[in-house]
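**Q** For reference, the chains in residue letters:
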Amino acid sequence: MSSINQTVPSSVSAFRDRIASMPLVWKLLLVGVPFAFILVLFLVSIGIILVMSFWRSQQFQIIVDWNLGNYLNLLTANSYQTLLGRSLGMALLVTAVSLLVAYPIAYYISRGLDEQQLPILLLFAAPFFVGTMLRESAHQAIVGPSGLANQFFEVLGIGSSSLFGYGLFQVFLGEVYLWFPFMLLSIYLSLELVDQTLEEAAVDAGAGPWTTFREVTLPLSMPGITIGCVLVFVSSFVSHVPSRFVGGPSGSLIGNTLKDLFGESGAWPLGSALGVFIILIALLFVGLLGAYTMRTVPTLIGGEHE
Amino acid sequence: MSDEATTIGKSTTSVSATDPEVASPILEIENIVKDFGDLRAVDVPSLTLRDGEFFTLVGPSGSGKSTLLRMISGLETPTSGHTYISGEEVTGAPANKRPTALIFQDFQLFPHKTVVENIAFPLKMDGVGKTERRSRASELLEFVDLKGYEEKYPKQLSGGEQQRISLARGLISEPDILLLDEPLASLDRNLREQLQVELRKFQRRLGITFIYVTHNQEVALTMSDRIAVMDGGNIEQLGEPMEVYQKPETEFVATFLGEVNSIEGTVESTDGSTAVLKHRDVRLSGRVGSDLSVGDSARFNVKSEALRIAAGDPPADATLTGTLTDEIFTGKNINYLVKPVDIDIDADELIVSEAAVNRHELSPGDTVRLSWEPSDAHIFPTEE
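Just so you know, the protein sequences line up as chains E and P, in that order.
The first sequence maps to residues 690 to 995 in the numbering used here.
The second sequence maps to residues 6 to 389 in the numbering used here.
If you're looking for bench data, these hints aren't it; they were derived computationally from the structure.
Every residue gets a Cβ at the ideal spot worked out from N, C-alpha and C, and that includes glycine.
Among these hints, one or two may not hold up.
[Claimed, not checked] Facing chain E, a subset of chain P residues (Cβ under 10 Å, in silico):
hint: 1; residue: 100
hint: 2; residue: 109
hint: 3; residue: 257
With these hints in hand, go ahead and build the complete structure from the sequences.
**A** Right under this line is the structure:
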C-alpha cells in the first residue's frame, strides 16, 4: 500500500552494507587475486606472443633477432592469406547460421514452453559434458565422410553426396555443431530477461506480432545476440578440431596452421605473428558488434535515476 | 501541470452535460466469463459505461478486476461473452485493433527508446510520419509538464515522471477508453496522492472515459464517478461512490470499504427495512442489507466513523457499553479502541473514529457508551 514497494528490506540493505564494508583483505582475496591471476596470465601470454612475433626461428631454434620478416611473410604469402580469408568466411558463416537457427529455437523455448524449459536446455547443453574431440568423433562417425549416413546412402544406391565428403562443408557442419549451444543459451537468457509485459504494451499501442518483435523483443535481446555471436565467432575462427577430423586436404583452416606452427614445424615466431593477426581480427569483430549493440540498446550504458 | 494545452484528446469535441450523446454507452459488456482452468476468474453478466465517465473497478487481489480490464483491452480473451465499444462489437479483436489504451502498473516504457519515441510509438504503429509524430509527442509532453525530456531514456526518470510519460503514450492515439491498471500502486504515498488529483484533472479536461483498476478503496472513492466493487470474479455492487459506501448491498461491500466493526447475533425483529439483532442481552439495530427473517444468524456491521462516543441518552437498541483501552491519534482523526462489555467479537476491540478537534477527555479504563444511527449500520445474514 505505502512506499514499501520501492524500498529494499532493511535486513537486505544491512547485509549489503556489511559486504561493502568488509575488510580489504577479503575483498582482495575475493576479487583481486583471481583478477590478478587472469590478468597476469593473459597479459604475459599476449606479451610473449607480441615479442616473439618479431623474432625468428631456424630449425626448431628460436633466435632473438628483431625483424619484421614474419609479418612480411604473412602479408605476402598466398597460402596464409587464403587460409585467413577462408577461416574468416567460415567463422562469419558459422556465426550467421548459428544465429538464424538458434534464435527461433531460443524464442520458442523461452515463450512457448513452461516446465519443459530446463530439460530441453539441458539437452542442448549436454554436448558440453564431453570434450570437443569426442564430439567431433561422433560427428565423423555419423554424418562424416565415411559415417553411417553416407554408408546408408550407398546401400540405398543413391551414392554418397560430394557434400558429405571430406571438405569445407563437413568442417562447417562440425563448427556449427560445436559452437551452436553458446549461441542458443546466450539468446535464451537474454530473451528471458525481456519483460514480457513490454511486448503487451507494444501490442496495446497498436503493434502487430511481427512489429512487436522488431520494435521490442529483438532490440532488447541484442545483448544475448552479441554475446552469442562473439563466443561463436571467436571459437570457430581459431578452431582446428573439425577440420582435422573431417576437413581433408581442402578443408584446413588457419587454426590448423597455427597449431602446426607451434607444434610440428616449431616455428613459434611465425606462429606468434599469426596469433597477433588473429587477435586483431577478433578484436575488430567484437568492437564492431559491440558498437552496433550500444547503438541499438543505448540504455546499456549510462546511470540510473536516483 | 499546464492548463492551456486543451487541443489534446477529445476536449475540443467533448460533449456538454445537456448533450444527449452523454447517455450513449461507450462500453457494453454482456455475459463476460473468463475461466483459468477450473477457476472462474471473471463472471460479469452486464456492464455499461457512459462516455466520459471515470469508472473504477475496486476489489482485493484475485477479485478479477485486472482480468476484466485486460479483457476490455483485448490482451486477454474471454471464455465467453460479448464486448462492444461505441456500439461496435470488438469481442474477437486483439488489443492492437481496439480504440483503447492501457496504462500498466509498472508503466512499461520501452527502455531502449527515448521519451519522445516512447510517446510517439502508438502513432508510429498507425503509420503517422516522423515529423508529425515528433511534434504531437512534444505537444503531449508539454501537456504532462515534462517539456525538454524528449531525448531522455526512461531509466533516467523518476517514478512519477515515468508515470506521466506512460500516460502521454496512452493518450497520444486519442483512445475512446483509457484503461489504468493500478498505475499509482508502485509510487510512494505523497506522490500517489498528488498524481491521483492530476489524473482526475486530466480526465475532466480530456473527456475520455477512464476505467481505473485499484485495490485501494481511497483512490476508488475519491476519483470516480461510479465504482464497481468486485469479489471472486463478480461485481458485488455498482454505483456512485457515496451510495456504495453508505448503502452496501452485500456484506462483502459493507466490510471491504472503510474500517468496519462486526458483531454477530440473531435477528430478533425486522420490519423489512430495519432490523434488531440480539447478541446475548445486547440489542443492535441497523438497516437490513439483504433479506432477513426473525431467528436468522446475522452480522451487524458499522464503520468506525459511524460509531460515536455517546453524550446524552441515545435509544437503547443503538447503544453499546465498553471500556476504553487505547486512543490513537491519526492526524485528522482520533481512533478510540473500546472493549465492549457482554459482547464477543473477532477483533479485540471496536474502533471508534472521531474528528480530532472534538477530542473527548478520556483515559484508558474509562467506561464509555457508544451509539450510532441505525441507518449507518448494516445487517447481513451470515453465510451458512
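**Q** Hints first: check each against the structure and report whether it holds.
**A** Comparing the hints with the structure gives:
no., hint, in the structure
1, 100, "holds (5 Å)"
2, 109, "holds (6 Å)"
3, 257, "violated (19 Å)"
Checked against the numbered hints above, the structure violates only hint 3.
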